[in-house]
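A.B. asks: Chain by chain, the residues run as shown.
Protein chains: 2
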Amino acid sequence: MRLVVIGGVAAGMSAAARARRLDRSLDITVVEKSAQVAWGACGLPYFLGGRLAAPSELVQYSPEYFRRERSIDVRTGAQAAAIEHGRRQVALASGHRLAYDRLVIATGARPDLAGIAGADEPHVFTLATIDDACRLKTFLRERRPARAAIVGAGYLGLELAEVLRAQGAATTIYEARREVLGHRDPALTDLVAQHLARFRIELRLGERITRIEPALGDLVVLACGFRPNVELAAEAGIELGLTGAIKVSERMETNLGGVFAAGDCAEGQHLVSGKPVYRPLGTTANKMGRVAGANAAGRRERFPGVVGTTIARVCGLGVAVTGLSECQARADGFDAVSARVEALEKPRYFFGTPTTVELVAERRGGRLIGGAVLGETAAAGRINVIAAAVTARMRLDDFEQLDLAYAPPYATVWDPLLIAAQQLRKLL
Amino acid sequence: MRLVVIGGVAAGMSAAARARRLDRSLDITVVEKSAQVAWGACGLPYFLGGRLAAPSELVQYSPEYFRRERSIDVRTGAQAAAIEHGRRQVALASGHRLAYDRLVIATGARPDLAGIAGADEPHVFTLATIDDACRLKTFLRERRPARAAIVGAGYLGLELAEVLRAQGAATTIYEARREVLGHRDPALTDLVAQHLARFRIELRLGERITRIEPALGDLVVLACGFRPNVELAAEAGIELGLTGAIKVSERMETNLGGVFAAGDCAEGQHLVSGKPVYRPLGTTANKMGRVAGANAAGRRERFPGVVGTTIARVCGLGVAVTGLSECQARADGFDAVSARVEALEKPRYFFGTPTTVELVAERRGGRLIGGAVLGETAAAGRINVIAAAVTARMRLDDFEQLDLAYAPPYATVWDPLLIAAQQLRKLL
Chain H
735 MRLVVIGGVA
745 AGMSAAARAR
755 RLDRSLDITV
765 VEKSAQVAWG
775 ACGLPYFLGG
785 RLAAPSELVQ
795 YSPEYFRRER
805 SIDVRTGAQA
815 AAIEHGRRQV
825 ALASGHRLAY
835 DRLVIATGAR
845 PDLAGIAGAD
855 EPHVFTLATI
865 DDACRLKTFL
875 RERRPARAAI
885 VGAGYLGLEL
895 AEVLRAQGAA
905 TTIYEARREV
915 LGHRDPALTD
925 LVAQHLARFR
935 IELRLGERIT
945 RIEPALGDLV
955 VLACGFRPNV
965 ELAAEAGIEL
975 GLTGAIKVSE
985 RMETNLGGVF
995 AAGDCAEGQH
1005 LVSGKPVYRP
1015 LGTTANKMGR
1025 VAGANAAGRR
1035 ERFPGVVGTT
1045 IARVCGLGVA
1055 VTGLSECQAR
1065 ADGFDAVSAR
1075 VEALEKPRYF
1085 FGTPTTVELV
1095 AERRGGRLIG
1105 GAVLGETAAA
1115 GRINVIAAAV
1125 TARMRLDDFE
1135 QLDLAYAPPY
1145 ATVWDPLLIA
1155 AQQLRKLL
Chain E
735 MRLVVIGGVA
745 AGMSAAARAR
755 RLDRSLDITV
765 VEKSAQVAWG
775 ACGLPYFLGG
785 RLAAPSELVQ
795 YSPEYFRRER
805 SIDVRTGAQA
815 AAIEHGRRQV
825 ALASGHRLAY
835 DRLVIATGAR
845 PDLAGIAGAD
855 EPHVFTLATI
865 DDACRLKTFL
875 RERRPARAAI
885 VGAGYLGLEL
895 AEVLRAQGAA
905 TTIYEARREV
915 LGHRDPALTD
925 LVAQHLARFR
935 IELRLGERIT
945 RIEPALGDLV
955 VLACGFRPNV
965 ELAAEAGIEL
975 GLTGAIKVSE
985 RMETNLGGVF
995 AAGDCAEGQH
1005 LVSGKPVYRP
1015 LGTTANKMGR
1025 VAGANAAGRR
1035 ERFPGVVGTT
1045 IARVCGLGVA
1055 VTGLSECQAR
1065 ADGFDAVSAR
1075 VEALEKPRYF
1085 FGTPTTVELV
1095 AERRGGRLIG
1105 GAVLGETAAA
1115 GRINVIAAAV
1125 TARMRLDDFE
1135 QLDLAYAPPY
1145 ATVWDPLLIA
1155 AQQLRKLL
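These protein sequences, in sequence, are chains H and E.
In short: position in the first sequence from 1, add 734, done, that's the working numbering.
In short: position in the second sequence from 1, add 734, done, that's the working numbering.
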């Protein structure tokens, strides 16, 4: 049995490694167009910022490791040119053909240039690959830009703002919508804007950049999100979903028998709204890849979907969201209510800092459907509690009584999560 | 309508404050035998350690605050001598009587002296009140003990060990059972013992102290847990539960009509085992108090129970447990399996440190029933995710796919929680 995986970053290598672990006898080939596999793009802003000595720190395992230790035939610098599903073959740009019984498509995504004119000018960058990061790092060192513009206020835009500001550039973020982190939450967005302003980073909301004007600054980074690499799949007759990414079942199956898709090229399901969503993130890609690999190896595993958890740290503040905001929930047809509190996350004598917690619930029945956390510390832990509760379809009255850990170095006796739940329950 | 509350610490003041918020017309009296109300005993080790300038930092609100701002008649220095339920009266030691329509008993707990002979010697201390802490602090300053013994390896024993060691005393913890934090988990206990040993704190397990011998050292602190103050209730004909604490319904009702009990004098229900448990903790006391207060004011609220979440920090390590350990689960009749992993909680380039996560599940069906986390940072957030999942009766295959927050400053792309779930699922 031959498994071919197209793409060797997060989803692709997760799929290959999992399939190998479950079936020693599989013949597994991974085709990767770049020179590296199994690396983490999420660290790119921190490589730029100087926290990583070399981009090699982003690479988890080398192609040699997979070849030697996992008996996976990893072919780097190899570009898949076509999927010929009738013959069960992948045609490579080199002219070679790889036969498969099972195929995992993990072709990833590329930066969305959002139709911006001038995106190819030499002072305009994207940040999706190690090469991108090296080029931008060289530019920063050599040109020392005085004024930088970032287009997009997603996690990447926020992380980049901190990096550019720390290197001395007056930094402005332009966001076409009126929200950060792709989360429709005006109050959260205000809080983030205020925080950024304190560090002299300007967040300009509702400003759609359509062309690169000189006035934007001497450096522009486009961080407008990602577009799934679906051309190869679409040409092979693989169905795309409403989001434009490859449509997959819970088992990561496409509409073609034996062909799976996973990672940033595939769409997921939102566990609250039930709608297809496109959320290209490393964690999701890895999970999808593992499930695709297991099923390609004959198991029956499922990836139910996501609740849209996202976190970014910007200038010391953790900003985290999960599930639906109140606005998004209303747009999705929920009768939603929300409450927001600010409370110390630890006692003052442990230097506790104010933390904002927002919770969103259905008015009838009180099911928790989303939330947000802003705080200097422990934002990640708290958003994960909300994410778990949203996934478990927990009701607010149960959430309010959660037996959360308490000791002064870690929390206050009433955790901000529970205070928010108390406030929100009054609105049901 | 007259509400009387006996005890003005966590549960009592929570009950009184909640009842007031729900019913402006209630006549509310709180009887507290000490001079303070609404203070947090959990901070006592940190007062001892010097992190708090004065014990007053432990006090959230003064009696005057409740009298003036909440119209609650707080009587400090007032000891309840008897509950005369036939007449709906509380008799005070002063001879006064307070009539009630509703009564909340929040008499708290006292240190369990575990029948140790010599517990009244002048170098033997407990740590339950601000007075205890002041006396012990004076002893430490004046006597500078060279060798200290702590009896009990619960959260208080562990926290105290750090404080005494930091003040220069060679410190030994004696624990009658073979476990820390009251969690039957030999592997966790080993890890904690190794950590303590690194800081030259000796943990002697299975050593029951029956009398205070001079060889124990020049300071002994008894931290053998707490006993509920139930005498007043029992004499009034209020039923006690199997744990020896006051038996209450989910609504915090005792067997006497209109009489509620809450906090460290009351027992709770374990949400996993379904058994009555006695877990005197500030968080639980506050939640119970709120529910008792609401119901005393005519609402119908419930406190379903606890999953036994406990956390303590000792010498920089967070030790946190929730739900049932594998041993405890077996003792409670579960066919339980567990897995333990050690993994970085953040990337190396964010100075991630190894974190241990243990998960326990039912072999059939894979329901998550407990877990433990040990780590230098973010232990609290991770144990809370497990606590939420255990409360929600989440299955391991859903837990494994949780959409947890990921960004390099906060986590690795595979959170240790998810790696542990993957390992455990192999055992189902």
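Treat the hints with caution; some may be incorrect.
Note that identical chains are pooled: a pair holds if it fits in a single copy or bridges any two copies.
The calculated lysine to any residue pairs, modelled on SDA-like cross-linking and capped at a C-alpha distance of 25 angstroms, are [said to hold, decoys possible]:
#, residue 1, residue 2
1, Lys-1160, Leu-786
2, Lys-1080, Leu-786
3, Lys-767, Glu-798
4, Lys-1160, His-819
5, Lys-1080, Gly-783
6, Lys-871, Val-1071
7, Lys-1160, Arg-961
8, Lys-981, Arg-785
9, Lys-871, Pro-1143
10, Lys-1080, Tyr-795
11, Lys-1080, Ser-796
12, Lys-1009, Ala-910
13, Lys-1160, Asp-761
14, Lys-1080, Thr-1111
15, Lys-1080, Ala-788
16, Lys-1160, Arg-1033
It is worth saying that the hints were derived from the structure and are not from the lab.
A.B. asks: Which numbered conditions among the earlier hints are violated in the structure presented, ordered from lowest to highest?
C.D. replies: Hint check: 1, 4, 6, 7 and 8 fail, others pass.
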